[in-house]
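**Q** Dock chain to chain to rebuild the complex, using the hints, since each chain is given by itself in its own frame.
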Amino acid sequence: MCGVCGCSETHNEHRHEHNHDHDHEYGQQKLVTIEQDIMAENNQYAAYNRGYLNARRIRSFNLVSSPGAGKTCLLVKTIEALQSKHTVSVIEGDQETERDADKIRPTKAATVQINTGKTCHLDAHRVGHALEQLDPPTDSVLFVENVGNLVCPAMFDLGENHRVVLVSVTEGDDKPIKYPSMFEKASLLVITKNDLCPYVDFDSERCRQYAYEVNPYLTIVETSTYQPNGLQPWLQWLENQLDPHYNATAS
Amino acid sequence: MHEMSLCRSLFRIIEQNANDYNCQQVNSITLVIGELSSVDIEALKFAFTICQKQQSLTYNATLYIKAIEPWSHCRQCDHEFRPDSRFSPCPQCATLNVELLQGDEFSIQSMEAE
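Going down the list, the protein sequences come from chains A and B.
Sequence positions in the first sequence follow our numbering and run 1 to 251.
Sequence positions in the second sequence follow our numbering and run 1 to 114.
Any given hint could turn out to be false.
Taking lysine to aspartate or glutamate and the EDC-like style, the derived pairs with C-alpha atoms no more than 16 Å apart in a straight line are [said to hold, decoys possible]:
| no. | chain 1 | residue 1 | chain 2 | residue 2 |
| --- | --- | --- | --- | --- |
| 1 | A | K185 | B | D104 |
| 2 | A | K185 | B | E99 |
| 3 | B | K66 | A | D37 |
| 4 | A | K30 | B | E42 |
| 5 | A | K118 | B | E3 |
| 6 | A | K30 | B | E15 |
| 7 | B | K66 | B | E42 |
| 8 | A | K185 | A | E213 |
| 9 | B | K66 | A | E213 |
| 10 | B | K53 | B | E105 |
| 11 | A | K85 | A | D243 |
| 12 | A | K30 | B | E114 |
| 13 | B | K66 | B | E99 |
One side of the interface only, derived from the structure: several residues of chain A facing chain B at Cβ under 10 Å [as the list claims (entries may be wrong)]:
| no. | residue |
| --- | --- |
| 14 | K30 |
| 15 | C152 |
| 16 | N215 |
Selected chain B positions facing chain A (in silico; Cβ < 8 Å) [stated by the list, open to error]:
| no. | residue |
| --- | --- |
| 17 | H2 |
| 18 | E3 |
| 19 | L10 |
| 20 | S56 |
| 21 | N60 |
| 22 | F87 |
| 23 | C93 |
| 24 | L101 |
| 25 | Q102 |
| 26 | F106 |
| 27 | S110 |
| 28 | M111 |
| 29 | E114 |
FYI, nobody ran anything at the bench for these hints, they're computed from the structure.
Keep in mind it's a predicted model, so treat the numbers as computed, not measured.
We treat Cβ as the ideally placed atom computed from N, Cα and C, and that holds for glycine.
Chain B on its own, in the form it takes in the complex (with noise of 0.2 Å):
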């Protein structure tokens, strides 16, 4: 997808954050990232360099992702399970009437700051 103009997106919000606690520069930042989610995490990465270099609030900021293993209910025999993708079916009674529970997650949790 489109990785540089979700990093404009994250980065608005820590400036936003930057701002409203006073601080001048960003040492990391720590991201959610479900493993089904759209994010190409490589494209991410790469659009972060890019985008990081942009003002130095951010220049030197690391970047932490923290994956979210996906998990999947199935709303026919209510099995819950790990699927191998958004759309896997019940390994329990095959239906695809499934619902993912979690791991489709791309959220900014926290920044250190100073």
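Isolated chain A (complex conformation) (with noise of 0.2 Å):
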């Protein structure tokens, strides 16, 4: 039985290649040669699930953050924004409840809950089955939110296209030099709730500088989901990587 989701680990595109290539037998005890890292496992989940959304040409967005800086209101915006010209699917990510995926569900957007129980993250395997239950159709959208938590959901690849960190105004300007890790393999950083700056002590430009020590190639917006035209900046930066011309002279 599979010890990340208890699925039974039968589906043989899942097997991991062995990399040991010799061993060296002294009396009856032999030295096996592994040369195995040990992310391995997820890896080979997460290169699964980006090559099955690659053959749908579904971009996708893993959003990660700390709990409470405000991804799935940002996720619901986004989706109301998005709809008209796009299909979108949401795989949903905490510990217990179905209460963000309840959020969601009103946008018409095909929403499934993961709850992780004891877990802090999502991982491709359990991501892998959302999808299987998904089944988003080609030339769609997904978004992933991941369990609020800015240290562990770092270490595991999704099969993501693009990782997008969340901090909010009220979390301190310093979260990126404190959480390096998140920040270091995101694609874009997107400071919410700029709203209430007027009530927080949050330098906005120390963010900034501290963003790029860790990643000098982050692109940076601030979104607000209470003021007219908050969330442009987000909505133009998804609109350029949905764009597939955008995308042909990027790259």
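**A** Right under this line is the structure:
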């Protein structure tokens, strides 16, 4: 039985290849050369997910943040903005409850909720099962809302095109240097809840500098779901990622 | 990080290899861990001592850890240096545009078994 999600590992495409190539025998004892990355298992599932999504031309985004940075709210508004032009599917991750999926469902985006129980991050194996359930159509958009946690999800590639990290202005502008692993592998930083700036001690410029220290290639936008056009920079970035011509020239 | 669940992945690899080579007893396991990897070595050692007692295969196995020294390359001036952290700037030109060449490994190199 799979120690990650409890499924039986009978689907052969999930078996990994052994890297070892020889062994030495001395007496009865053998030295078995293994040379295998311990994260290899998750990385294989991630590669499978990536292949699956690429084959269906689905652009995918893994939203990560501390709990309460505004992922679900941003996602609901984003789906409402995108839905006239794009088919959107969502994979929600939380330890317990369907509450986030319930907030997304009124948008009519197909949504699957993963409950991770004691685990504090999504992993590629669980996401693979959710994809099977979701069966997203070709040429569509997939959002994965990860479990609220700035530490552990950083280690787990899910097979997404882009990791998007959210930091709200209520959290402190030094988040990037306190949790560098998450920002190092992100494509985009979204600084959220900017309507609250007058009430908090958040220095946006300082946050940007800290973020660039950790990842010089990071793109950074600022949003507010409560201000007119408050999501425009985020939506523009998204449209660029979804535009096949933009990607052709950018890569 | 999750040294316990990392240990479970580690033990799955050990069991698979023991099975492939018809081994009943693992005497030692050698891991390669980069000095800048996000694995907490003390927590890993502790988790190992718990996990190894769960089956007779690994009950008395000794854990060896080979540390890998970190080494970075500056993309701007091509200088190579030993960084203090993943995000250490280049000592030559002070840029942050550097890449880690080695030092964040976390793999199982080999095991001795019979």
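**Q** List, from low to high, the hint numbers that the structure doesn't satisfy.
**A** Result: hints 4, 9, 10, 13, 18, 20, 21, 23, 24 and 25 break, sorted rising.
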